[in-house]
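Chemist: Construct all of the structure, not just a fragment, from the sequences and the given hints.
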Amino acid sequence: MYGVLLDSSILIVDDVENNLDVLDIIFSRVGARSIRASSGEEALEITGIKGREIDLVITDVSMPGMSGITLTSILRETLGMEIPIIILTANAKNDAQLSEGLAAGANDYLHKPVNEVELLARSASMVRLKRAFDDNATLQKSLELKVIERTVEVEIIRDASMFGFAKLAELRDPETGGHLERIAEYTKAIAKYLEKNGSYQEQVDQPFIRDIHRASPLHDIGKVGIPDNVLLKPGKLTPDEFEIMKRHAFIGGRTLNEAETRLLTSNSFISMAKEIAFCHHEKWDGSGYPGGIKGESIPLAARIMAVADVYDALISKRVYKDAFSEETTRSIIVKSSGTHFDPAIVEAFVAVKNEFSRIRATFQES
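Residue numbering for the sequence shown follows this note's numbering, beginning at 125 and increasing consecutively.
None of these hints come from the bench; they were simulated from the model.
Be careful, since some hints might not be right.
[Claimed, not checked] Cross-link-like lysine-lysine pairs, in silico, DSSO-like; alpha carbons within 27 Å at most:
| # | residue 1 | residue 2 |
| --- | --- | --- |
| 1 | Lys445 | Lys320 |
| 2 | Lys445 | Lys407 |
| 3 | Lys445 | Lys357 |
[To be verified] The calculated label-pair distances, taken between Cβ atoms and stated as ranges, are:
| # | residue 1 | residue 2 | range |
| --- | --- | --- | --- |
| 4 | Arg176 | Glu420 | 32 to 42 Å |
| 5 | Gly189 | His235 | 21 to 31 Å |
| 6 | Ala256 | Asn381 | 12 to 22 Å |
| 7 | Val474 | Ser186 | 49 to 59 Å |
| 8 | Thr262 | Glu169 | 40 to 50 Å |
| 9 | Ile149 | Asp352 | 24 to 34 Å |
| 10 | Asn381 | Glu177 | 18 to 28 Å |
| 11 | Thr262 | Arg157 | 13 to 23 Å |
In this text, a Cβ means the ideal position worked out from N, Cα and C, and glycines have one as well.
Modeler: Written out as structure tokens, the structure is:
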């Protein structure tokens, strides 16, 4: 059950020696290697040396000097999103503290005193996430070495790896089966219509269509950074939980931005994927998130994605709701034209409604 923790390197940060001893003993039982730090400052020194060799950071929130929240924020700035972070708190009722920690970039949290089974289960889940990041990074480096002589092959493998990376987010939510496949086809259908019709013909060409078809499945990649208790909650989210959920747009955009900066040349596919991840929850009237931008300030690909994403959410059955009919779903989207959605995109959506129905039938949820 905890095999993934064998030989993993876990940085544990706490100013209380007994707490470090407890965590050290628990992890030693499953073959994990504990690296101890008694302060946030010491933890930063260790990460400066070992960097991404660390598989997981577990830090207390309240410590003299640098707090666990400050440590989390600095680690995110210096090491990005690759190393998962779990914060520990002795105050079970301090929701503001937990929200602040998650907003700083923590992946999850646990209450003290820790439950051994819960600690190991959460840690195993986070280490699997780290290994997935590592595998993807290794694959990317391997592809870069071959890019000059095997351009076509690299394109194919990159698409497969990025789609597989997007699947990591989808697989954490078992209710969204087929969502990525449908989204790719929905956005392509709208883009193909816009290439020949309406006011966006100068912006939409074959490269745009190819990029949006490949980039759109990455729209929710940031959900890998949302805790399970929020992401998988079957009922309505509380306001604080919704604020945490909204971070997936920022996390996804930042992750793809980091990927873009590592490329030796500009890449329209990654650039579009970043725009979609950041902006697919923005609304035409400026009432969306994370930036509250509006109108044509929202990237065109993200405006297309917004319609496709809402369509698929409405027409799909979930634990908390039944699936809406095609007619009801279209009616809701049309009524939101000019407020939630770009009117020109809604017009294109209506024009290709039969294609949407065909795509829906082809990629049914399992």
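Chemist: Could you work out which earlier hints the structure fails to respect and list their numbers in ascending sequence?
Modeler: 1 and 8
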